[in-house]
Structure formats: structure tokens, C-alpha cells
Amino acid sequence: MRNLELLRSFPVLELEGTEDPFCFSVDCDCGVIYTATSTHIKGVQPSTHQAVSSVSLVSDGYLPEDGSGCVIGMQHLPDLESVCVATAKGDVILWNTVTDQVECVGSVDNGLRCMEWSPDQELVVFMTGEETLIIMTKDFDAICEFPFHSEEFGEEKPITVGWGKKETQFHGSQGKPTAADVQEVIAKPAASWDDRKPRISWRGDGQFFAASAIHPLTGARKLRVWNREGVLSSTSENVDGLEQALFWRNGLRHGEFVLPFGKMEVQVLEIAWNNDSSVLAVWSEELPSTEQIEEFVPKSYVQLWTVNNYHWYLKQQMEFPASAKHRVACLLWDPEAALRMHIMTRGGQYLSYEWCWNTVHSEGASEQNMSTVAVIDGAKLLLTPMKHMVVPPPMSAYALDLPSPASTISFAPPTHCSDMVVMMSNGKMAVFKLLTENGVKEVFRAPGKAPKLVGIYSIDTKDFPTVWTGALCWRQMIWWKDCTLIAVGWDTMSQKDIVCELEISAEDGANSIAIRRTTETDTPVLRLCARRHTESVLVELINGNLLSYTSDSSQAKLSPWFNSRGLEISLPQPCQCVKTALVGDEEVVLGLTEHSRLYANNKEVASNCSSFAVHDEFLLLTTHAHTLRCISLLPTTRGLPVLIEDKPHPLDENIRRVERGSRIVVAVTQDTKVILQMPRGNIETIHPRSLVLSYLKKCLDSYGEAFTVMRRHRINLNLIHDHNPKLFLENLDKFVSHVESVNFINLFLTDLKEEDVTTTMYSDYYSESKQTPVASPGDELSKVDRVCDAVRVALEAVGHNKYLLSILTTYVKKNDPELEKVLMIIKDLKGLFVRLFQAPTVLRIKSTFDALKLYGKSSQEHRALLVAYGEYLVQQKRHEEAGLVFTSCGAHEQALSSFQKSGNWRQVFCMASLLQHTGEQVVSLARTVAGYLKGHKRSLEASRVLEEYAKDPEEAIAVLIDGMQWEEALRLMHKHDRTDIVETHLKGALEEAHNHHLSSIQEQEELFNKYTKRLKVVRELKEQQSVEYQESGLARDDTDLFSDTSSVGDNSEYASSTSSRGSRSTGRSSKNRRKTARKMYSLKEGSRFEDLALMEALSDIIQTVHKTTDDMASLLKMLVLFDHAGQAAVLQTNFEKLISMIESSIGVIWPPEESSTNSSQVSQITGPGATVNSIIAAMRSDQNTTLNKPRDELQRPKPPPFKIATNWKLDQLLS
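Residue numbers (this note's numbering): 49 to 1263.
Hints were generated in silico from the structure; no laboratory data involved. Given the structure is predicted, the values throughout are model-derived calculations rather than measurements. Just so it is clear, CB atoms sit at the ideal spot from N, CA and C, and this is done for glycine as well. You can take every hint at face value.
Simulated restraints on C-beta separations:
{"#": "1", "residue 1": "1243", "residue 2": "760", "range": "50 to 58 angstroms"}
{"#": "2", "residue 1": "186", "residue 2": "598", "range": "50 to 58 angstroms"}
{"#": "3", "residue 1": "949", "residue 2": "656", "range": "35 to 43 angstroms"}
{"#": "4", "residue 1": "598", "residue 2": "128", "range": "50 to 58 angstroms"}
{"#": "5", "residue 1": "1258", "residue 2": "811", "range": "54 to 62 angstroms"}
{"#": "6", "residue 1": "177", "residue 2": "240", "range": "17 to 25 angstroms"}
{"#": "7", "residue 1": "730", "residue 2": "1132", "range": "47 to 55 angstroms"}
Capping the alpha-carbon separation at 25 angstroms, the derived lysine-lysine pairs in BS3-like fashion look like this:
{"#": "8", "residue 1": "1165", "residue 2": "985"}
{"#": "9", "residue 1": "1064", "residue 2": "1185"}
{"#": "10", "residue 1": "861", "residue 2": "875"}
{"#": "11", "residue 1": "1165", "residue 2": "1035"}
{"#": "12", "residue 1": "746", "residue 2": "782"}
{"#": "13", "residue 1": "1155", "residue 2": "1251"}
{"#": "14", "residue 1": "137", "residue 2": "186"}
{"#": "15", "residue 1": "1165", "residue 2": "1155"}
{"#": "16", "residue 1": "949", "residue 2": "985"}
{"#": "17", "residue 1": "982", "residue 2": "949"}
Using the sequences provided together with the hints, build the complete structure.
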């Protein structure tokens, strides 16, 4: 939603010797312009209007003396300090601009028709007179040579993937007859106004170049694409009337747009992309009518187009008068500055324009500011009041028609924020205003009325004849005061920028705007910004210096910018985006450079800022780290004031993650919304927590609105009280009347807790501004008790019966629940079961159902009991059951909340339907639910919610990609025609998933090998130690009970100790035993249960591999689908190897247990090598094991199930 705003315009109206240029080139280092005419080459410095060098091409015979020669290409080469020139005769000339030496580096006998250097100036492509292409290095060594015309299509030739021929596909009953008659398109010969010249154009990254020429047989223009090695990539499909075309690299026609002219009104001479391919320049001229053929001089147009969300926007149009002097001869994008353009006219005039990207929206802190965003689209002005509706581009809430394409927009100052003035390409201004009916001015909000066109004005320059009036002569226009505009112009006499004050006539029927006064600046002006706080204008010069423009009835002046301490302030670097913000009593300048540095006065705030906006109390900025930062502007905080005052504390800010490449469109004034735009063009609304809490501080005197905001954004309801306890308790009648709903009041009461959330949960937002409340009667009570008592009094004053449930809640919620009073009230309600609130949990539930039988289902008492039971279930975290209970009694709001917490999204939207939520509420709810589902790894369900209820298929696809649900994501892409996401998101995610799985397989394989080898060693050591213990006559566990000095142990003491340990563990639950066992697992070498810990770790690895199988199968299919079979084969081989290794090791890790353990042990301990001590110790050990075995003795981990079918593999990947 950005526009191209003109930063600078630099006209040089007279350059001698540059008339009728064929082409020109720019030396970016020193700014010299080199032009080629029919006789010579000349270098001119525009800033001084002086020629710095010149060379004749006639004297050496490169061009004929009669002026009939032609230069077909020209390029300045800074590395060689030379200018390369190609003539139609076939000579390639190198002119050294330092030594003035001219050298012919090559010649083609049949002549040259076109020359184009690559963006990195490493390669150059020529087209000869025989339409042969030659690719050479910068040293003019030939790389390859080949004919332009060929029967081959190229490497990108489309292939059939099984869909059949077009005429056999399904087309419906209406389209089938047409499909049956499909015929190949035969392009007609080029139009009569086609100059029939070949053209070459390089892609911005220099990897491909395209060339177009007239086919010798058909007479139609053909376009082909080659890579820098000279390999043909693609050929354009046949298109009737092709002159200058937009094609994808595969040669297919795509993304065309219609120029805003009538049929046979203009002819397109050139199209040219800027160096980052973000803006397309279209140069066209008028075509003569049949009566104007003789002596016709056309009017020239240069248009700048951009594309976003598959829509082409006309952002700027330059109109040049129909005269020989002003007729455009050639144009050129600057090779370094992406948005700078150079233009030469046939009369020898040189024009330089430089733009920047800027979002235009209404400003001001008044209620009339709807944060309206204006987008230029040719002769249409697209308006959207973001405060009331968010419409994704290229759509808009309103579209205003203009008589001529717009170039600059400015909104009126506060109190009239929705009024606009628009500068058009024809030099006139259109004024739009909201009309006044019956003395009341209309409000711009949907579905209200948009501003109306009230007049079109011409700027009267008769009193200032030296003011330049050429194409885009006015820039940086702002609506300063009621009838006063400020704009930057150019004085042709002094050759300087001038700040002009323009006055809109208030008289009816007036059709001109007068220039009241002009003020020269010694240094070119870069930006203007209205200072709403001081009624002056900030002027930023190109060197970063800051000036303040003021005027009164007698004069205007420019004075340096001073801060509150009297120091002159300037920005460290020129900033293309400048705003002012009020920090305390000081107005601060905020500036963002084109290199992402953000400054506050002369202090750097961020070095990676991509966009920023000033909200009521915050500076918001997005960064290249994909975050949104909210920095406070309040003087009592550690935000921006800390930085300005050179304090050592870090910035106190709130940071949240945003999507990659997000930029701020507008931060809605007096609201919590921040509108972001993604690189693809779609927009997103977020509510940063800082803005929400700031907004709540202002509206907590209107409790109904504050309560709604807090519920919507999940703000703890204690803040209603803790923000200002004294004020809240004094205005409880207002709180009850504003909130009104019994359920909402209950929600507030049940949320109460003793802590002050302004000092805990939200301390960052109250750290400086929170003041200690004045003590009041009742402060000796706890917060919860004090609030419950006060709320109950207010409720009883309004209506006891209406708020009965809330009154009961105030008794029960207290720290010491007053259940007797509750029972007395219940007793008055026809003897309700008295044990309802004092019985144990089981009896309470039974009592609730017994009590329900006393009342009819439609009675208020029946509903109250069910609500109470539902709230009990909520406290027990049984949200699903609570939702069912709330639904049965019609408490749909509480049911929605419970179902939302339980993750039952289907019931959530059933409740939303019953509550008759608006479309915006459903969308907001859908995003919240989807976030919950995504966080619980339920990607498929989250995607469905986003697609069906949030109406956001793009985010649904993103969730599926994050959850690695590849096939479902691809299905949605095709369903919603968003196959562009394959390139922007899916392929990158597949590559990331492939790398992740490869590294994971390698890591698991290494750990598995390491643990398996260690397990073998540990088992051998234990076996060896067991034999040694038996030979020494001791049981293995006895060693833990002997002191270092003991030589003999009391075995009876050991048995007692073991038995004692066993008895202590009898009270443990199985869950606690497992937890204890887990703690005893240690992979530390030499630990007591290291072997069991290793087996447990190996079991975890095996289960992880088992769970990965489905993900692996899905990933392999997608890799093959997108031509990554090689990567898929490597992944499949490595995964299969890991599975085979696990399968072969399970028997070793979990060997079969011996069936006759005791008999084998006895046979071993009584053999010929046994001693008396070893036999006695072994028998006692066996007795202790069988009779007094401790219950917390660790058991050997069981082998995990590991049976993987082979259907996860793809046979086509088997080698």
C-alpha cells in the first residue's frame, strides 16, 4: 500500500551540444552525463552546466560527416575509466575519458543493431546486422556466437504431465464446443509504428538476458531468453501485436496490464526495469490522427508501474509537452540508485528524478482521524479508513476517480483529516472534502460517504516566472493549514530549490492556486514534514541538516532546528522518511535512512529498521529481524526519552515477532490496531500489548468498552480495579451499568485475586506512572473481600433478583467464603438443597443434580445451578464437560470460552453462531482458535479453521507448511489459486525439512551407536564385578552399607535396612514410582543404573524414529514431486540404514530373559570353584531378593514396539 513519492527533481534546461542524442550513459561516481549524437560524444556535468570532455567520431571515420551515422549503444565503464560506444556501421569504440584516447576494439562487417552490457559489466551482448548474437567478456573476448532465430524452444520447454491435450480436457457444457475448435495462434506482422529494431535486456541479477527481434518470415516480433553462458532458456509463445512484452522466464505470457490510453492513441517506444526490478518504466508517444500526419510533434509520456498481489499499479506519470524541444529522446535508470531516473530530450534538456517508497495516510490525534490510507493507482485514488475496516489490496473501501493520474497526495491537518489535495500528472490539483449537511460534517467511515471532488485548480505562476513548470515540477507537497499548502519547486534563475507557500482560494468558482511566497535554500531539499505541535514545517536538506519553516502575513523564514536545550540538531545521515513526535514538552525528529538506520534527533535508535510509525504514546518500528518494537514516548518511562537524554539505561520496549518482511502501513490513532503489509502484498492486523494497555488506561472510566477490550485481548480483569482502586470503588454503580451482563460480572468476580497486577503481570507498563493509592475506609480488608463487598452493595442497589447469581458469587469468592449467607438466600428460594456449597466434592456434585430436580428446566434457579456447576468444572480444568453444561443452560458465552480452552473448535463456532458474532468477531475468534490448535500440533485442524472461518487461505497454507502437512498445503494452494506460495514458502520449507531430517538421522545414528557400544561395555563390567563380589563372599549391594573401616558386615542389619526401605515405599503411587525411577536413570559413566539409563535412552531413540516414519514418507513424495529426487534418494537411503541398524540391534539391547535363573545360579555357586563364604553370601542375596525385594527396585525397560512397514519407501528412489 505504498506510493512512489518524488524526493528530488533536477532539471538542466540547456546543455549545448547535446541536441538530438541517440543514447546516453551516466558516470555514477562524479555525476557526468555522456551523450552520443550523430557526430560526437560529449561529457557534461549537470551541476555546473559545463562540458567536461568531448570527442569527435567523424575525424577517425567512425561516423560519416553528413550526420547520417547512428550510435546504437553506449555504456560508461568505471573500471576502465572509459565509455564504450557501438555504431550501426559495426565498430565498437572505447573512449578513455581521462586520456581522451579513442580505440576501436572490434568491428563487425555486417554492422551492429544492438548492444547491452550486463548489470555487473562483466559481459556484453551484441546483435549483428544478420541478427546473430555475440556474447563477449569485458575485455572483448568472444564467449559464444549463435543466431537469434531458431526452431528450438529452449531448456524451459513446457512438458505434458498427463493432463492430455487441451481439446480433450473438461471445459463444461459452454466451453466444450470452443475447446474442440482450438487452433494454434498465428501472430500477425508487427504494427506499422513498430520501429522494427531489436532489443536486449538483462535481468536484474545478470543471470539471464532477453532479446526481441522481427522474424524474417512471419514479420512478427519474437522474444527469446538466454542465460549468461549463451544457453537458450525459452521462447515466447505467439502473441498477436507483440511490441514490448512481459513474460516469465519460461516464455509464457503472464501478468500483462492495459495502458490507460485509448486504442491507437499512443505507441510504446521502450520499457525498462530499474536495477532491483521493482519498478517498470514505460515510455510512449502519441500517435497522429489521419489529419495530423504532416508536421506532427507528439506528446511524450513516461509511466512508472509496480506490481503487488498480481495487480499492476500506475504510480507516476510524467507528461512532456508536444514540442520538439521537450520530446523525450532517451531515458535511463540509474545503475546504482534503484529509484533514480535520467531523461534526455531532443532539445538538449537533461532531467533527473529520484523517488522513494512512502505510505500516505491521514494524521492527527483527533476523533475525526480515521487513519485513512490512500493508494495511487493511475487516475484512481484507493481509500480505506483503517479505523473501521481493513480491506486487503488491491481492493479498497472506496475508489475516487481523477481526470489525470495522481502523483502526490496530502491529507488536511487535524479536525479535517479526511480532506485531501491531490497533485496530478498534468500539473493541476484536485481537492476532495467531506461535505457538510445541515451544519454537520459527514464522517468518513464505512458504509458512509467518501470525500467528494470540490474543485480542480491550476497553479498560477505569472507572478513568479522563474519557477519551473515542467513534468513533476512540484514535490513534497503538504497541506499545512486550512487553505495553505507547502511544496518544493525549482527556480530556473538561481538554479536552487525553493520552498513555496501556495494558497487555495476560498471563493466559489475559483480555479487557480496562487503562489504566496517562495524561499530559496542553499542546499537541495530532501523532505518536508508538517509540525502539528508548533504550526511550522520541518525541512530536511540533502545533507541531513534540519530547518524550521515559519511564516506570517508579512514574511517567511527558514531557521535552524534547536532542541529544548538550545543545541542545533541535524540528522547524522539523510533520511528519506521523516516524522516528528512529542516526547514530554520536546518535539523530536525521527528519520529513517535508505540503509535501515533509524534516528531520533542525532541518536541512533535502530540499525535494522524497515519501517516505523508514531502512535499516541509509542514509537513503533519493524526490523529486519522480523520483530515489531514498541518504544514508549512518555517522559516518565525508560523509552525514547532515555536515549535522547544520553542516559545509560537500555530502552524499555515491548517486542513481538512478525512475519518476515512485514512493514507498518499505519498505526491507528486512539486505537490498538497496527496494520502490517507483507512482501506479497497481503495485510495483517495485530494488537500489540503495549498499545492495548495504553488504550485501556484511557478508557477505564468507560467500563463497558474497557471490559470488551480486555476480554478480546485476554487482559487480566484485575486491572479494572488495580489501575485505580479508589476510582473503581467510587464508581461501582457505573461499572455495573456499563457491563450489565450477569455472566460478565461473574467473570470479573471469579478472576479476582489478591495480587496487584500493575506490580506483577503488567509492571512494565506501570513501573513509573503507578502511584500509591490513598488509604480509604475498608483498606484493612483484603483486596478480594473489599471488592466483593462493594460489588455486592452496588448489585443489590440495582436489582437483587437480576443479579442473584453474581451476589451469591460475591459471598463464595471471598477468602473466607460466607457459605451460611449463601445458604440462607438459597433457603429463601423454596428450600434449595442446603448442602450444595458445603459438602465434599462428590456429595456436592450429587447434591447439585438432586437440587436440579426441584426446579423446571426453564426456571432461573435451574439455570443458576447449572452455571454454578459449570464454573466448578472450569475450576477443575474439566473444560469440555463445563462447555456441555453451559450449553445446556443457555450460557453460550461461557460455553464458548470452555470449549475454546478444551480445544473443541467445532463447538466454539457453534456457540459463536448462537451468539450471533459479527464477521469480524468470527475472524478474530478463528485466529485465536487456530493459534491454540497450532500450538498443540493440530495443524490440519488449525488450517481448516483459518480457511473456513478466518477466510485466510494463505495463513492456512502457512500453518500446514509449518506443520509439515505438505500434501494438504499443496491442495489448498491449487484450490485458492495461490501456487505462488510454492516458490515463496513451500520449496524453502521442503529444503529446510530435508536438511533437518538429514541432520537428525545422522545425530540419532551417532547416539545409537554410542549408547549401544557403551551398554555392551557396562554389561561386561557388571558381569566382571558380580563374579568378583561372589568370590569375595559379599553380596553386591552389601558394599553400599559398609564403612571404609569395616571388614565384616552384619547381614541381619542389612536385611533390616532393606526391609525398612521397602516398607517406606509402600505408600508411593505407581506414578510416583515411575517418576522416582526416571530420576535414578543417569547416563553418567559409572552410575549405579547406567545400563538401564542407556536402555531407556535407546528406547527413546527407537520410538522417535518410529514416529518419524510418516513424516519421512510425506517429505519424500514432495521432494520427488518438485524434482529433488536426488536429495530424496539420499534421505531415504540414510533413513533405511538407520532402521536396519535398529532392527539388528534390538535383540542385543534387550536379550531374552533366562527362564531358570535360580537353578543356574545354584549350579554356578556350588561348583568346584566355590568357597564357603561365596555360597553363604549368594544364598542370602537370593533370599533377600525374593523375600525382601524393595518395591522401588528399578525394572529393566521393556523393548519398544518397532515394526515398520516398507510402504514408506519409494521404489523409484531405490538404487
